[in-house]
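Colleague: This is what each chain is made of:
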Amino acid sequence: MTQATAIDVTGLTKSFGGRTVVDDVALRVAEGEIAGFLGPNGSGKTTCIRMICGLLTPDAGSGSVLGLDVRRQQRAIRRQVGYMTQKFSFYEDLSIEENLAFVAGLYGLPRQAVRDTLEDLGLTSRKTQLAGSLSGGWKQRLALAACIMHQPRLLLLDEPTAGVDPKARRQFWDEIHARALGGMTVLVSTHYMDEAERCHRINYIAYGRLVVSGTVAEVIAGARLVTLGVQSPRPGELAERLRRAPGVEQVEPFGTALHVTGTDRDRLMAALAAEGVAGRPVETSLEDVFIRLMEQSQDNMR
Amino acid sequence: MSFSPTRLRALLRKEFIQMRRDRVTFAMMLGVPIMQLLLFGYAINSDPRDMPTALVAPVQDRFGRSFAAALENSGYYRITHPLATADQAERLMTRGEVAFVVTVPADFGRRMERGDRPQILVEADGSDPSATSGAVAALSGIAESAFRRDLPAGSARTAPEIVAHRRYNPEAVTQYNIVPGLLGVILQMTMVMMTAMALTREIERGTMENLLAMPATPAEIMIGKITPFLTVGAVQVLVILGAAWAIFDVPFAGSLGLLLAGVMVFVLALVLLGYLISTAARTQMQAMQIAIFIFLPSVLLSGFMFPFRGMPGWAQALGEVLPVTHLLRLVRGIMLKGAGWADVAPQFAALATMVAVLGTLALLRFRRTLD
Ligand SMILES: Nc1ncnc2c1ncn2[C@@H]1O[C@H](COP(=O)(O)OP(=O)(O)O)[C@@H](O)[C@H]1O
Ligand SMILES: [Mg+2]
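So the sequence lines, in the order shown, correspond to chains W and L.
Position 54, counted from 1, in the first sequence is what the UniProt record's numbering calls 54; the numbers after and before it change by one each time, with no gaps.
Position 309, counted from 1, in the second sequence is what the UniProt record's numbering calls 309; the numbers after and before it change by one each time, with no gaps.
Calculated directly from the structure, the hints in this document are not laboratory data.
Check the hints yourself; a few may be wrong.
What the hints assert, rightly or not - Computed far set for chain W versus chain L, every beta-carbon distance over 10 angstroms:
| # | residue |
| --- | --- |
| 1 | Lys-127 |
| 2 | Glu-197 |
| 3 | Ser-285 |
To be verified - DEER-style ranges, computed between Cβ atoms:
| # | chain 1 | residue 1 | chain 2 | residue 2 | range |
| --- | --- | --- | --- | --- | --- |
| 4 | W | Arg-115 | L | Met-28 | 28 to 38 angstroms |
| 5 | L | Met-264 | W | Arg-75 | 32 to 42 angstroms |
| 6 | L | Ala-317 | W | Ser-64 | 45 to 55 angstroms |
| 7 | W | Asp-165 | L | Met-264 | 48 to 58 angstroms |
| 8 | L | Arg-21 | W | Lys-167 | 23 to 33 angstroms |
| 9 | W | Leu-130 | L | Met-288 | 25 to 35 angstroms |
All values derive from a computational prediction rather than experimental measurement.
Glycine is no exception: its CB is placed at the ideal position from the N, C-alpha and C atoms.
This is chain W alone, in the form it adopts within the complex (with noise of 0.2 angstroms):
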């Protein structure tokens, strides 16, 4: 038997006048996955989600979500998906348990699914404050709370933690993979590469261009990098000079030493050994396959 999927959708593509913003995206999630979605600011990871939600009709493209019409059965979708939004989007005005009240009412869920997810997510002690005196983590949990009370086949996470502290972070994900082994489907988004990992796969978007998916060793494997560490006395001055040479695509410093990404490893050898130092083989990071992608993608636009 093959896996089911939840989202399934092809030539996802959408213009802004007449600027587009999302160009030709395909994406597969099958279910019970934890699926990142990951890309620089303004490339279309919001844009997308909307559009998998039935925010936002595309313009084209097509595809199934939940087994249901991206395009013709939006409203069935939004009924079966938990969304949250990159801004919150709760009522300030309104206490925590009256914004769980609201939206539990919507979905005609009875007065005790408020009381269980507020004792689920540890927020009954608070329940009576206003929304808009919460802290960002706070905030995050309503959101979260709020967005699976009505238990959805499928959950969509629009930077869910950017601004919340690491532990929270880390409740938050665990929740998150609590949910998964339930049989939830999750695509996330998110800046922080932590996160990209401890999801099962990845889907890299710059410029509106979906640039890679897979696993995150896939990824790794896939940008075919060469990484070499580097030990010096003096790295910040060895790393200026190590950005110019020719065969070196990046160089970060990492504590005291450096780590030297290129992709021919023996331009990247001689590099190292015309400063007079020699490097040994380090796994490639995923940060530095970003980068990297998001340089190809920029040169790929100009």
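Following the hints, complete the assembly by docking chain L with the ligands onto the known chain W.
Modeller: Only chain L with the ligands this time, still in chain W's reference frame:
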């Protein structure tokens, strides 16, 4: 997706909580109408005194003098130009320097002594009818007292005839017209403006995206949004009518139930108009501008400011599509003239049509996506 009472209840609860928490708006919605009613009610209702008057009396005799004295004694008139010629008086009136021109004909004294019934012409500047109506109404009393000495008791001679002539505005608008009119204008302002913010506020606060992502139908959202304003409108209506009755002594000739029913249909049309604006506007600022843009003709072309039948045809046509126009007819009819259901049915029909059209337009215009 069909209509769901559960969803509507959730929407209503949310809207009422938000309205209650928004203290400033809430206070404005109830405070503003009272303030405006008092302000305009008194400003327009006040019975101005000592109004500048030109006296045109070619022959200075005791009859002319005693009439002039009686005018001044009444308190309404102050003779600022006692020796005006007819031409001068005409110019003074045009320039608005006098509100009245009193003309005592040259043969007035002679005819009085002969026992004729001569005429005195009082021309009033009708462009501000409420300002002059009190003074005009006092004229016969003034004439009575001016010539009492000249008319011995039991004499067959009667007081001279005072011909009052309103210039510029023959259809006098009385003070009683003003307060019912204010009801319409105040509601128009507060209801439309407040409701016009309904959706734009959600858009500006970023909550619209979430609202649209959840399963509420456009009709449910619309009813959820307008119902709290309808409630506020009902309270405003009671406050204004109460004040009209208690402070301004406006008579209630007709049925109160009929009046309230008519006014509530009007308020429904207003909140739908406001809601329609909010489906079209992108920001609260835009919504406000559109509301003001509609407010001005509602004051100027509805018959509130100028007599409706005195306006040119195109202005009347415009006025006919304004809810206030029909409300004014309905309220003046019921309150002042004691009109019954049959008399005001056309107004009910017009307002109900507007409700249907505005509601349909608002539902059609509602954007279900963020496109
Ligand atoms: N409603 C809109 N109208 C016009 N331009 C938009 C709109 N929404 C997004 N954009 C533009 O589309 C591009 C992609 O935006 P977005 O999807 O938010 O990117 P991301 O979420 O990856 O940061 C940006 O340049 C943004 O300015
Ligand atoms: Mg975004």
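Colleague: Does each hint hold? Answer for all of them.
Modeller: Okay, the hints, checked on the actual structure:
{"no.": "1", "hint": "Lys-127", "verdict": "holds, 14 angstroms"}
{"no.": "2", "hint": "Glu-197", "verdict": "holds, 28 angstroms"}
{"no.": "3", "hint": "Ser-285", "verdict": "holds, 34 angstroms"}
{"no.": "4", "hint": "Arg-115(W) to Met-28(L): 28 to 38 angstroms", "verdict": "holds, 37 angstroms"}
{"no.": "5", "hint": "Met-264(L) to Arg-75(W): 32 to 42 angstroms", "verdict": "holds, 33 angstroms"}
{"no.": "6", "hint": "Ala-317(L) to Ser-64(W): 45 to 55 angstroms", "verdict": "holds, 53 angstroms"}
{"no.": "7", "hint": "Asp-165(W) to Met-264(L): 48 to 58 angstroms", "verdict": "holds, 53 angstroms"}
{"no.": "8", "hint": "Arg-21(L) to Lys-167(W): 23 to 33 angstroms", "verdict": "holds, 32 angstroms"}
{"no.": "9", "hint": "Leu-130(W) to Met-288(L): 25 to 35 angstroms", "verdict": "holds, 26 angstroms"}
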